Amino acid sequence: MMEVAARHTGSVELPNEIFLKEVCTLIADGHDVTLRVRGMSMRPFLEDRRDKIVLTRPKTPKVGDAVLAEIAPGKYVYHRIIKIEDGRVTLKGDGNVYGTEQCGTKDIAASTKQLIRKGKSYLPEGRAWRWYSALWPSNALVRRVLLAIHRRLPRNWR
Amino acid sequence: MKINKGFELREMCGEHIIIGTGVENIDFSKVISLNESAAWLWREVEGKEFTPESLAALLMGQYDVDEATALADATALVSQWVSVGIVTE
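Read top to bottom, the protein sequences are chains B and U.
Oh and the first sequence: position 118 is 102 in my numbering, straight run, nothing missing.
The number in my numbering is simply the position in the second sequence, starting from 1, with 562 added.
In isolation and in its complexed conformation, chain B is listed as follows (with noise of 0.2 Å):
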């Protein structure tokens, strides 16, 4: 029998490489866009499939800001600017110990305009948000020690 049935779903599985560049476009174009967090690279604030964020026109981009980044053609990471230095930047993912990315300020593709952790709703200029990023250490070992604790906390407690 044929089907025919939409389906609502709540995540539909496309490749990173060529979904995020369509996103990149509705961006260009002035559309904001809700993403839902895949990956564990930006713990301990977001969790993997769980919470999300909304991505906006890339703004001028300084140290501290979470920004969708293309780092490679067609590679693209939510990550933290820990540095800019003549037109390059550095970017780091707050779950990670070790590993960093570059990419040009141009390749910078959508800032954060919201975080959604838990459905609850944080913004970037805010005083959580603000507050999280002074405090979480940028140190290898401290992190590694904080992230293998975040790692063994109960689900609802992360």
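FYI, nobody ran anything at the bench for these hints, they're computed from the structure.
Note that this is a predicted model, so its numbers are computed, not measured.
Just so it is clear, CB atoms sit at the ideal spot from N, CA and C, and this is done for glycine as well.
Honestly, I wouldn't trust all of these hints.
With a straight-line Cα cutoff of 20 Å, these simulated DMTMM-like cross-link-like pairs (lysine to aspartate or glutamate) come out [said to hold, decoys possible]:
| hint | chain 1 | residue 1 | chain 2 | residue 2 |
| --- | --- | --- | --- | --- |
| 1 | U | Lys592 | B | Glu31 |
| 2 | B | Lys5 | U | Asp589 |
| 3 | B | Lys97 | B | Asp49 |
| 4 | U | Lys567 | B | Asp13 |
| 5 | B | Lys36 | U | Glu611 |
| 6 | U | Lys564 | U | Glu611 |
Across the chosen pairs, the derived CB separations fall in these ranges [what the hints assert, rightly or not]:
| hint | chain 1 | residue 1 | chain 2 | residue 2 | range |
| --- | --- | --- | --- | --- | --- |
| 7 | B | Asp70 | U | Glu573 | 53 to 63 Å |
| 8 | U | Gly647 | B | Gly71 | 37 to 47 Å |
| 9 | B | Ile2 | U | Lys592 | 43 to 53 Å |
| 10 | B | Ala112 | U | Glu570 | 15 to 25 Å |
| 11 | B | Lys104 | U | Gly647 | 22 to 32 Å |
| 12 | U | Glu586 | B | Lys67 | 25 to 35 Å |
| 13 | B | Lys104 | U | Arg572 | 24 to 34 Å |
| 14 | B | Tyr116 | U | Glu651 | 42 to 52 Å |
| 15 | U | Asn587 | B | Trp120 | 53 to 63 Å |
With chain B held as given, fit chain U onto it using these hints.
Just chain U, lined up with the frame of chain B:
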């Protein structure tokens, strides 16, 4: 009934996805995806008035399907579209 303004069917990575281009914020955490035949129907009735019966007639013209099946599928599809707010009765 009619498709509500601001909703657009796009093909992304081989999936037929309805996005609300009329709204400022496009929420991909609540995505509506359509299969091949539902997407075909969407394109056929875009900008037009339709009923479950007219959708069933379109289906019978395009696919090898009997009237009862076509009407049952069209009715189910329309009620899903209405329930997610992309179509108004």
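Cross-check of the supplied hints:
1. U:Lys592 to B:Glu31: holds (17 Å)
2. B:Lys5 to U:Asp589: holds (16 Å)
3. B:Lys97 to B:Asp49: holds (11 Å)
4. U:Lys567 to B:Asp13: Distance of about 18 Å is within 20 Å: holds.
5. B:Lys36 to U:Glu611: violated (36 Å)
6. U:Lys564 to U:Glu611: holds (5 Å)
7. B:Asp70 to U:Glu573: 53 to 63 Å: Since Asp70 (chain B) and Glu573 (chain U) have Cβ atoms about 40 Å apart, the given range 53 to 63 Å is violated.
8. U:Gly647 to B:Gly71: 37 to 47 Å: holds (45 Å)
9. B:Ile2 to U:Lys592: 43 to 53 Å: violated (20 Å)
10. B:Ala112 to U:Glu570: 15 to 25 Å: violated (35 Å)
11. B:Lys104 to U:Gly647: 22 to 32 Å: holds (24 Å)
12. U:Glu586 to B:Lys67: 25 to 35 Å: holds (32 Å)
13. B:Lys104 to U:Arg572: 24 to 34 Å: holds (30 Å)
14. B:Tyr116 to U:Glu651: 42 to 52 Å: holds (46 Å)
15. U:Asn587 to B:Trp120: 53 to 63 Å: Violated, at about 27 Å.
In this structure, the hints that do not hold are numbers 5, 7, 9, 10, 15, in rising order.
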